[in-house]
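Student: Letter by letter, the chains look like this.
Number of protein chains: 2
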Amino acid sequence: MFELHPRLTADTIPVTDWPLCRVMLMRDANYPWLVLVPRRHGVTEIHELDQSDRQTLIEEIAAASQRLQNLTQAYKINVAALGNVVQQLHVHVIARFTTDPAWPNPVWGAVPAKPYADSEMTRLLGAFAS
Amino acid sequence: MFELHPRLTADTIPVTDWPLCRVMLMRDANYPWLVLVPRRHGVTEIHELDQSDRQTLIEEIAAASQRLQNLTQAYKINVAALGNVVQQLHVHVIARFTTDPAWPNPVWGAVPAKPYADSEMTRLLGAFAS
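Line by line, the protein sequences are chains A and B.
Number 55 in the UniProt record's numbering belongs to position 55 of the first sequence; there are no gaps in the numbering.
Number 102 in the UniProt record's numbering belongs to position 102 of the second sequence; there are no gaps in the numbering.
Bound conformation, chain A alone:
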């Protein structure tokens, strides 16, 4: 049975469920940042998904990336499945800007997470979920 890792639950806000992935917004206003988690039990690597799920995953990654770019006019989209700390397979889809606090470096560990203003979070959640 699919269960979200407690760390992912704590760090994100649920946005919607797509055919394969649960889509969540990272609680970090430094970057518009989605996390996609395939709703499969015990999977930690992309190559552990079956081919059908992999084909769905890449389409959901592309859809999340396109939506983020359309919503934010991001300069670059970063896509990553790392999982060194939280092993449950999860894919980061992050809108990057040359003015963001980590640019041009990866976001992980760059600066502390910045809380969202309620109004901004509501706006983003509405836009992503629509």
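Incorrect hints may appear among the rest.
[Said to hold, decoys possible] Chain A is faced by these chain B residues, among others (derived, beta-carbon under 8 angstroms): (1) H41; (2) Q55; (3) L57; (4) E60; (5) I61; (6) S65; (7) Q66; (8) K76; (9) I77; (10) G83; (11) N84; (12) P106.
Quick caveat, the hints were computed from the structure, so don't treat them as lab data.
Fair warning: this is a prediction, and the values are worked out from it, not measured in the lab.
Built from N, CA and C at the ideal position, the CB exists for glycine as well.
Given the coordinates of chain A, work out where chain B should sit on it, guided by the hints.
Tutor: The following block gives chain B in isolation, referenced to the frame of chain A:
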């Protein structure tokens, strides 16, 4: 026409061409590290590939990940398409170990690249290309 970014050419050793991607080994003995570059002109984001290329890309990512894990017994595989510095779409597939110099952080910028011994590079290239 497909051309590899000069920075990618400088930082890697060619391994083989798969149906979509040029497969390269990063010149960094700190981590067994492949870079996959779709042989398409002017593409910087996964969502800019057409669906057929995306489906091939995820299968080539899975094949590279499985091969790296089989060859190295890695603890975790990191997969990432960042492109903040080199915008040409390229996917990192990195074998991670709890004993590697960046663990558990991402590898980018963690420690300087470490040159390969010729013998180790020859062994890895042979294994990946086979």
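Student: Give a verdict on every hint.
Tutor: How the hints compare with the structure:
Proximity of H41/B to chain A is violated relative to the hint, the smallest CB-CB distance being about 18 angstroms (cut-off 8 angstroms). The interface hint given for Q55/B holds, since its Cβ lies 5 angstroms from the closest Cβ of chain A, which is under the 8 angstroms cut-off. Interface restraint check: L57/B against chain A, minimum CB-CB distance 7 angstroms, threshold 8 angstroms, status holds. Of the supplied interface hints, the one on E60/B is violated, with its beta-carbon coming no nearer than about 11 angstroms to a beta-carbon of chain A, more than 8 angstroms.
Residue-level restraint check for I61/B holds (minimum Cβ-Cβ distance to chain A is 6 angstroms; threshold 8 angstroms). The interface hint given for S65/B holds, since its Cβ lies 4 angstroms from the closest Cβ of chain A, which is under the 8 angstroms cut-off. Given hint, Q66/B at the interface with chain A, holds; its Cβ is 4 angstroms from that chain's nearest Cβ, closer than 8 angstroms. Interface restraint check: K76/B against chain A, minimum CB-CB distance 6 angstroms, threshold 8 angstroms, status holds.
Against a cut-off of 8 angstroms between C-beta atoms, the interface hint on I77/B holds, since the closest Cβ of chain A lies about 5 angstroms away. About 6 angstroms separates the beta-carbon of G83/B from the nearest beta-carbon of chain A, less than 8 angstroms, and the hint is met. The interface hint given for N84/B holds, since its Cβ lies 4 angstroms from the closest Cβ of chain A, which is under the 8 angstroms cut-off. Interface hint at P106/B: satisfied, since its Cβ lies 5 angstroms from the closest Cβ of chain A, which is below the 8 angstroms cut-off.
The earlier numbered hints that this structure contradicts are 1 and 4.
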